[in-house]
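Starting from the structure of chain A, add chains B and C where the hints point.
Residue numbers (this note's numbering), protein chains in the order written: chain A, 1 to 387; chain B, 1 to 89; chain C, 1 to 305.
In case anyone wonders, no lab produced these hints; they're calculated from the structure.
Here the structure is a predicted model, which means the values were calculated and not measured.
Just to be clear, a hint being listed does not mean it is correct.
Covered by chain C, per the in silico footprint, the following chain B stretches (three or more residues, Cβ under 8 Å) [claimed, not checked]:
id	stretch
1	30-41
2	49-59
For lysine-lysine, the following PhoX-like pairs were computed, each having C-alpha atoms within a straight-line distance of at most 25 Å [claimed, not checked]:
id	chain 1	residue 1	chain 2	residue 2
3	C	216	B	37
4	B	78	B	37
5	B	40	B	78
6	B	51	B	37
7	C	4	C	190
8	B	37	C	4
9	B	51	C	216
10	C	247	B	40
11	A	187	C	86
12	B	51	B	34
Between beta-carbon pairs, the in silico distance windows are [as the list claims (entries may be wrong)]:
id	chain 1	residue 1	chain 2	residue 2	range
13	A	217	C	134	48 to 56 Å
14	C	195	A	211	37 to 45 Å
15	C	163	A	109	33 to 41 Å
We treat Cβ as the ideally placed atom computed from N, Cα and C, and that holds for glycine.
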Amino acid sequence: MIMIDTGDRIAAKAAQMARPEFIAAYPITPQTVIVEKTAEYTETGELDAEYMRVESEHSAMTAVIGAAITGIRTFTATSSHGLALMHEMLHWAALSRLPIVMVNVNRTLGPGWNIWADQTDALAQRDTGWVQLYCSSCQEIFDVIIQAYRLAEMEDVQLPIMVNYDAFVLSHTSMPVEVPEQAQIDKFLPPYRALWQIDPDDPLTYANMVPQAHFGGIRKDMQDAHDRVKKLFPQIAGEWKERFGTDHGGLIEEVHCDDAEYVLVTMGAFGAEAKVAVEQLRDEGVKVGLARVRVFRPFPAEAFWTLASGRTFVVVDRGVSVGSGGGIYTELKSALYGHSNAPVHGFIAGLGGKDVTYGEMAQMVRRVAGGHASEVEWWGLDCQGGA
Amino acid sequence: MSGDVKVTLSRPVDGAMGQTGVWRDFRPELDSTKCIKCLKCWIACPDGCIKRADDDSISIDYVYCKGCGICANECPTKAITMRREGLGQ
Amino acid sequence: MAVKNLPTEELMRPGGGGCPGCPSSLALRVALKALGRNTVLVMPACCAVVCVGPYPKSSIDVPVVSIAFEAAAAAAAGIVSGFKRKGKQDANVVVWAGDGGTYDIGLQALSGAVERGTDFIYICYNNEMYSNTGIQRSGATPFGAWTTTTWKGKDERKKDLPAIMRAHGLPYMATAIPSYQEDLFRKVRKAMSIRGPKYIEILAPCPPGWRFPMEKMLEVGRLAVDTGAFALYEYENGQLTFNLKSKSILEKKVEPAPIEEYLQLQGRFGHLFKPQRNEEALSRIREELDASWEQMRRQVECGTA
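Only chain A is shown next, with the shape it has when bound in the complex:
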C-alpha cells in the first residue's frame, strides 16, 4: 500500500503497526500530530494499547519506563523542550536497559521561542546512552521506527532508541511511503519478550542504591551494547531491504563516494538536500559525494576511517554544542584522530529552522574546493536588529 502523508502521520502509522501496548505522550509542536493520531488509533481500536494522556514530558518518559518494566512494548514521541524536560529520565531509561522507542522531532530550544528545524535538541542528549537514528525522508521514518524496535529488543542490545527527523521540513511534509502489510511487519517484528520484568510473583527490587564498585561495569555494558549496534543495525536494515525492498544505507548512506575528493557529511533533512547538491556539483565536474549519517549514536567512527583516505570532509551541522562546535563536526574530528589526516571543514547552518537549500550546500563545497573556506563557518547569519 502507498500512503502519501506527512512525517508525523507516517511516524504514527509506523508506531501503530509496531504494536506497542502502551503509549504516554505530551503534545509539543511539531510532534502534536503523532500524539493526536496515536490517541485516535487507540480509540478506534486500530491500535490495541493503553494510552496515557500524561501531564508533562517528564511524566511521559517515566510512565513509559513504568510500563516497560512490566515487560511490554512501549512508544512515545516528543521534541525540543519536551525532550529537554525528560532529560533525567532519558538517562534512567538507558541505564535501565529498556528497549523503548521514541520519536523526536528535531526542533531548537529557546528562548527565543522557535518551533522550527534544528538538531541541537537531540545533540544535547547524546550523552544519555540512547541510540540516535536520523531520517531524511518519510519512507525512512516509517522503516526506521519499526527497525528500531527490532534493534532495541535484541538480547545483545537492550537500549532505548531515539528516531529523529526535522521539524516541519519532514514532520509536516507529505511524501509517498510504501507501507507493507501488517502480517509482513509482524514477521519482521515478532512480539516483545522482556529479559526481566516486574511481577508480583517475583520479589525483585529494581533500581535501589548501588555501591561505587558496581557502577563502572553498568556503563561499560552499555558501551559494549552500542558497539554491537554498529554491526546489528546494518544487518537489520539489510533484512528489511530483502523483505520489503526499501533501503536507506547502513550506519551511513554513501552516495557517489567511490571517486569523491570532497564528501559532504550531514544528517536529517539536510541529507536529502545534500543528495541534490551532489548531483548538481557532479554535473559541474566536481568529484563530490555524500556520507549521510543515519546513526549518530553510536557514532560510526569505523565507517569514516574507511571513507577518509584521500577525501576532504565538508560537514554541514544543524546543531551545535556552543563552546565546542557542530555536533557531527566535533564527533567526526575526534573519530578520525589517529586514524586519518583527512581535512574536515565544518559549516553550522540552518539553526532555528533557517532554510538551507541544495544550492547553498553546493556553494559550501565550492568554497572548500576553492580554498576560501575557514575551518569552521557559521553559514547564513544575516540577522539584524535586537538589543
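Same frame as chain A, but now just chains B and C:
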C-alpha cells in the same frame, strides 16, 4: 556477554544493610515472667526484630536489633528494659 | 482488629537501613501486612528507598520499583497500565513516598495520576521535612519548625495536601500514624478494596529530624493526635469521618491536650521556648490549630469536604 545485561536488580535477604545489631548502644532485655503476651512490642518494632512464637510469647533478634528502645517504652508491664551494651560484648 | 490478629507474616526483613526507631520503617512493615505479596511498591528518592538496602540486596519481600524523585506517581501509573495489559489488574500498585516527593517535587505527577483516575494507592509517609537529604524544610514542614534551611523556624504554614487531594474528588483518602497500627492496617485494607486513586498520609515522627529520643517515637505520635496537631480521619465519597481520639476532639467530647506538650517534646520547636518563650509564635500555632479544627467541624457539618 551477549544477553547478560547489567541491570541492577536485587533480591530480598535478612541483613541487607549488614548485621545492624552492631549499631546498638543499649540492648532490650526481656523478663518473661512479666510478659503478658500483649504483642505491643512485636508490632511496635520498626525492624521486626521482636519475633512472635505460636503461643504469642516473644524473643528478641539481637543480630539485627538496633536498640531504639521503643519496645521497652511501649511495654505496659515493663517486661522489657534497656541495658547499656558492654564494651566488647 | 487487635494487634494479635494482625498477620504474622513479615514482608519486611530485619537488618534494613532505617535509623533506630524509624517511623517510616514501622509504617511500611504494618502496611505490608495489609497489602500482602500481590503488591508492587514504587518508591521515589526518599529515606525508605535507602532503607531498602544496597544492590545486590534488598530488605523487602515484594517487588520494589525505585524511581526518580518527582516521578513516583507517573511510574506507578505506567506500571498499572502495564499490569492491565498483562492481566494483573488485581495486583496492588502502591507508591511509598516521603513528603518531599509528594508535597513538592512530586506534586505534579501525583495530581496528574489522580486526575486521570489511576487505580493505585499513594501512601505518603510525612516526616515534615526532606529527611533523606538531611532535614531541609519541605512544603509539609509546620510553622515554627527548625530545619537545616529554616534555622529560625519556618515562616510559612504547612501545605494542606490532603485538602488538595480531596479537591481532585478521589474516591478515598485517609490519614494514619504508626502509633495506631490497627487503624493504619484497616485503612490500607480499605484502600485496597476500592478502585481508583487512593491517598493515605501517615505522619512519621522522625527522631533525628524532630529531635526527640528515639524510644519515644510512638509516644510523640500519640501526642500529635491527642493535641489535635494531627487529625486521624477518612474521606470517602465526599464524606469525612474522624477516627479514634480525633473524633472525640472534633465532636468536642474531649479537650485536646495542650499543644505545648507536643511541641516541647521536640527539639525542632525548642527555640520557641528557650532562651525565652516566643509567645507570638506559640499563639499563632494555637490559633491556627483551633481554626483548622473549626474548619473541619464546618466541613463535616455541611458535608463539604
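Against the structure, the hints:
1. Evaluation of the coverage hint for the stretch 30-41 of chain B: fulfilled, as 3 residues show C-beta separations to chain C shorter than 8 Å, against a requirement of three.
2. Using a Cβ-Cβ cut-off of 8 Å, 3 residues of the stretch 49-59 of chain B lie near chain C, which meets the minimum of three, so the contact claim holds.
3. The suggested pairing of residue 216 of chain C with residue 37 of chain B holds, with an alpha-carbon distance near 21 Å, which does not exceed 25 Å.
4. A distance of roughly 12 Å separates the Cα atoms of residue 78 of chain B and residue 37 of chain B; the hinted pair therefore holds under the 25 Å criterion.
5. The suggested pairing of residue 40 of chain B with residue 78 of chain B holds, with an alpha-carbon distance near 12 Å, which does not exceed 25 Å.
6. At roughly 12 Å between alpha-carbon atoms, residue 51 of chain B and residue 37 of chain B fall within 25 Å of each other, so this suggested pair holds.
7. Using a Cα cut-off of 25 Å, the hinted pair residue 4 of chain C and residue 190 of chain C holds, with the two alpha carbons roughly 19 Å apart.
8. For the proposed pair residue 37 of chain B and residue 4 of chain C, the alpha carbon gap of about 9 Å is at most 25 Å, so the pair holds.
9. Our distance criterion of 25 Å between C-alpha atoms is met by residue 51 of chain B and residue 216 of chain C, whose separation comes to about 21 Å.
10. Between residue 247 of chain C and residue 40 of chain B the CA atoms are separated by roughly 24 Å; this keeps the pair inside 25 Å, and the hint holds.
11. Taking the CA atoms of residue 187 of chain A and residue 86 of chain C, the gap is about 22 Å. The hint holds against a cut of 25 Å.
12. Restraint check: the Cα-Cα separation between residue 51 of chain B and residue 34 of chain B comes to about 17 Å, which is no more than 25 Å; the hinted pair holds.
13. Range check, residue 217 of chain A to residue 134 of chain C: Cβ separation about 30 Å, and the 48 to 56 Å hint is violated.
14. One distance hint, 37 to 45 Å for the beta-carbon pair residue 195 of chain C and residue 211 of chain A, holds here, with the actual separation near 40 Å.
15. Between residue 163 of chain C and residue 109 of chain A the C-beta distance comes to about 37 Å, which sits within the given range of 33 to 41 Å.
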